[in-house]
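Visitor: Given chain A, put chain B in place with the hints provided.
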Amino acid sequence: MRAKPRSIQTPEQEGLPPFVKSWPQMYGLILGVLVAMIVFFYAFMIHFQ
Amino acid sequence: MSYLDWIVLGLSLSFIVGYGIYRSWENKNIESYLLANQSLPWYHVTLSLMATQASAITFLSAPGQAYTDGMRFVQFYFGLPLAMVVLCITFVPKFHKLKVFTAYEFLEGRFDLRTRSLTAGLFLLQRGLSTGLSIYAPSIILSAILGWDITWTNIISGGLVMLYTVTGGARAVSHTHLQQMGIVTLGMVIAGVTVVKLLPDDVSFTDAIHVAGKMGKTNLIDFTFDLNNRYNVWSGIIGGFFLQLSYFGTDQSQVGRYLTGSSIGNSRLGLAMNGLLKIPMQFLILLVGVLVFAFYQFTTPPLFFNQVQVEKVMSSQYAAEYQKLEDKHAQIQSQKRPHVLALSAALDTDDEAGIARERDVLGATESEVQQVRKEAQALISKANGQDTNDVNYIFLRFVIDYLPAGLVGLLIAVILLASMGSVAAAYNSLASTTVIDVYKRMVKTDGTPEHYVRVSRWTTFGWGIFCIIVAQYASRLGSMIEAVNVLGSLFYGVILGVFLVAFYFKSIGSRAVFWGAVIGEVFVFASYIYELTAFLWLNLIGCVLVIFIAWLLEKVWPQPVKA
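Those protein sequences? They're chains A and B, same order as listed. Positions 1 to 49 (our numbering) are the ones given, in order, by the first sequence. Positions 1 to 563 (our numbering) are the ones given, in order, by the second sequence.
For reference, chain A alone in the conformation it holds in the complex:
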C-alpha cells in the first residue's frame, strides 16, 4: 500500500471547527467554558461545604 502524500494546505483548506463558525469563536468557546467551569466549581464548593 502506498503511503499518502503529506498535504499542503491553503488557509481555505484548513477546515473550520464544528459547532461554531470560525476559529476565533472556537477560542472564545474554550475560554467561556473555562470561566463556566470556574463558576461551577465555586458553586459546587459552596453547596457542599
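Don't read these hints as lab results, they were simulated from the structure. In this text the structure is predicted, and so the values were computed from the model without any measurement. Wrong hints could be hidden among the right ones.
Claimed, not checked - Taking lysine-lysine and the DSS-like style, the derived pairs with C-alpha atoms no more than 25 Å apart in a straight line are:
| id | chain 1 | residue 1 | chain 2 | residue 2 |
| --- | --- | --- | --- | --- |
| 1 | B | K324 | B | K382 |
| 2 | A | K21 | B | K94 |
| 3 | A | K21 | B | K278 |
Unchecked claim - What the simulated footprint calls covered on chain A by chain B, stretch by stretch (three residues with Cβ under 8 Å from a Cβ of chain B suffice, anywhere in the stretch; the number is not a length):
| id | stretch |
| --- | --- |
| 4 | 16-26 |
| 5 | 36-47 |
Stated by the list, open to error - Label pairs and their in silico Cβ distance ranges:
| id | chain 1 | residue 1 | chain 2 | residue 2 | range |
| --- | --- | --- | --- | --- | --- |
| 6 | A | V20 | B | E531 | 47 to 53 Å |
| 7 | A | Q25 | B | L98 | 43 to 49 Å |
| 8 | B | Y43 | A | Q25 | 16 to 22 Å |
| 9 | A | V35 | B | E450 | 48 to 54 Å |
| 10 | B | W458 | A | Q25 | 45 to 51 Å |
| 11 | A | Q25 | B | W148 | 51 to 57 Å |
| 12 | A | F40 | B | Q371 | 30 to 36 Å |
| 13 | B | V189 | A | Q25 | 28 to 34 Å |
| 14 | B | Q331 | A | V35 | 30 to 36 Å |
| 15 | B | A345 | A | Y42 | 40 to 46 Å |
| 16 | A | V35 | B | E366 | 32 to 38 Å |
| 17 | B | L532 | A | L31 | 41 to 47 Å |
| 18 | B | E366 | A | P18 | 44 to 50 Å |
| 19 | A | V20 | B | Y528 | 40 to 46 Å |
For each residue, glycine too, the CB sits at the ideal point set by N, CA and C.
Guide: Then chain B, alone, in the frame of chain A:
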C-alpha cells in the same frame, strides 16, 4: 490477586500490545513511521495528547491527593485551555505549513543549525531521563503489590511499550492511545460507581459528597493571591499557562502527537478539545478520591496506606509502638462514626444546627486522626528510613481491599496502560528527534525511505533500553514527582524562551538567541545547584532570561546581515 484479575490484566495488556503491533504493517517510510502520514482525525489527536500527559501517577496520585488535601489540585490545570488557544493560533499553523517532523526543525529555518541542535539536545537529555522515571513510578508500586523484583516490573513496564513502538511508530502510538484511554476511562468510571455502591444503604452519592464537603474536601476554588500557596486560581492560570505552553509547545512528545493531525484544522481541534476536556476529566478523578474519603468515614481506613512499609515497621523494634497507634486510630474512627451518621441524617432533614454541631465535632476528630497519622509516619521513618508519604497508595489500597475480583485486575491494567501511553509517546519523540535532528540532518542526509525507517526502529529500541536502565537507578533520586518536575523545570523554561523569541521577536537573530539560551541554561542550573529559588520558578526564570539576554545581545552585538 485472583485468577480472574490475572486474566483481565493479561487480556487488557495483550490487546493493547497486539493491536499496536497489528497497526505497524502500514509503515513504509519515515513520514508514516514518525508522523502517521499526518493522516489522523482530531479525536485521535485529542486522546493521544491526553494519554501522553496522563501518566500512571495521574490515576494513582490524584485520588489520593483529593483524599488528603481536597480537590483544590484541579486549579493547577486552569492555564491549560489558555495555552491550547495560543498553540492553535501560533504554533500549529507554523509547524504544519513548514511541514516539520519535530519542533526543533522549525528553529533551523528561523535561526540556524546550532540553535536547533541545542534545543534538540536539551530535549533528548531531559526526556530520556524523565521517561526512565515514568517507567519507574508505576514499577515500584506494582512491585510492592505483586511482590516482584523492581528490575522485572521495570522491564515489563518499559519493554511492553517497546514491542509496539519499535515496530509501529507514531501510528501504533496514536491508535493504542485511543484504546488505552477507553480502558482507563472505563476503569475509573467503574471504580467511582463501585465506591458509591459500597457506601452504607442510607447514604446516597450526594450525601457522601456533602459529608466530604463538610470536612473540607470540596475546596475546589481559592481566589486568594498568595505566592506561597501552591494551588489557587491565579497560580493555576498564570503559572499553569507557562508550564502547559512549554510542555505542549516545545516538548516533542506532545508536538509529535498533534503533528499527526491530517490538517491544521484537525491538529487545532485536537488541542482545542484537550482544552475543553482536561479539566472535567481531572475533576472526575479527584471526585473519585473524595468518594473514597467519604467511604472511609463509614469504614475504618488503614492508618498508613503503604502495606509494605507497615509490614516492615511491624517486624522492627517499633512494632509495639506502632500497634498502639493502630489501636488509638481505630478507637478515634469508631468514635467518629456515629457523628458521621448524625451529620448524614442532619443533611437529609436540613437540620442546620445539627449540621453545624456535627461538622465541628468531625473537624476536631479529623485533626486527631491526622495527628495519629503523623506519629505513625514518624515511626515508619524511624524504623524504615524512607517513604513516609502514602498519598500514591491510598486509591490502590482501596482497590485491592474492596473492589471485587476482576476489577482489581482492570484497575492494575489502568495503571500500567496509563504509564504505557506516556512512555510510548516519549520513545517515539526521542526517536523522531534523534533521527530527524541529528542522524538525517548531520550523519546521513541521502538515505532511502526504508533506511530511515530502519534507523528509526533501532533508535526507538535504543532509547527504550536507555530509559529502562535509567529506571533501574531511579530509586536514588528520591521523590518521583519532584524528580520529574525538577528535570522538566531545568530545561523547559529555556526551550520555551527560544520558541517565544522565534515567534514574537522577529528582530532577534540566531547568534543572540543561541547565546541567550546557553547563558540562560547555565544560570538555571546554577540557581538550582545553589538553591536560589524553588525549582518551579526556574520555568519562568529560564524563559524570561533567554528573551532578555537575546534582546540585549542583539542590541549590543548585532548580527551582521548576510550579503
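Visitor: Each hint: holds or not?
Guide: Each hint tested on the structure:
In summary, the hint linking K324(B) to K382(B) is supported, as the alpha carbons are separated by about 16 Å, within the 25 Å threshold. In summary, the hint linking K21(A) to K94(B) is supported, as the alpha carbons are separated by about 22 Å, within the 25 Å threshold. Taking the CA atoms of K21(A) and K278(B), the gap is near 23 Å; set against the 25 Å cutoff, the hint holds. By the rule of at least three residues with a Cβ nearer than 8 Å to a Cβ of chain B, the coverage given for the stretch 16-26 of chain A holds, with 5 such residues.
A count of 7 residues in the stretch 36-47 of chain A with a Cβ less than 8 Å from any Cβ of chain B is obtained; the coverage claim is therefore met, three being the minimum. Taken as a hint, the range 47 to 53 Å holds for the pair V20(A) and E531(B), whose Cβ atoms sit roughly 48 Å apart. About 27 Å separates the C-beta atoms of Q25(A) and L98(B), a value inconsistent with the hinted range of 43 to 49 Å. For the pair Y43(B) and Q25(A), the supplied restraint of 16 to 22 Å holds, since their beta-carbon distance comes to about 20 Å.
For V35(A) and E450(B), the Cβ-Cβ distance of about 52 Å falls inside the hinted range of 48 to 54 Å, so the restraint holds. Between W458(B) and Q25(A) the C-beta distance comes to about 46 Å, which sits within the given range of 45 to 51 Å. Taking the beta carbon of each, Q25(A) and W148(B) are about 53 Å apart, inside 51 to 57 Å as hinted. For the pair F40(A) and Q371(B), the beta carbons lie near 35 Å from each other, so the given range of 30 to 36 Å is met.
Judged by the Cβ atoms, the range 28 to 34 Å given for V189(B) and Q25(A) holds: they are separated by roughly 32 Å. For the hinted restraint 30 to 36 Å between Q331(B) and V35(A), the CB-CB distance of approximately 47 Å leaves it violated. Checking the proposed 40 to 46 Å range against A345(B) and Y42(A) shows it is violated: the Cβ atoms sit about 28 Å from each other. Checking the proposed 32 to 38 Å range against V35(A) and E366(B) shows it holds: the Cβ atoms sit about 33 Å from each other.
At about 35 Å, the CB distance of L532(B) to L31(A) disagrees with the hint of 41 to 47 Å. Against the hinted window of 44 to 50 Å, the Cβ-Cβ separation of E366(B) and P18(A) comes to about 47 Å, which satisfies the hint. For the pair V20(A) and Y528(B), the supplied restraint of 40 to 46 Å holds, since their beta-carbon distance comes to about 44 Å.
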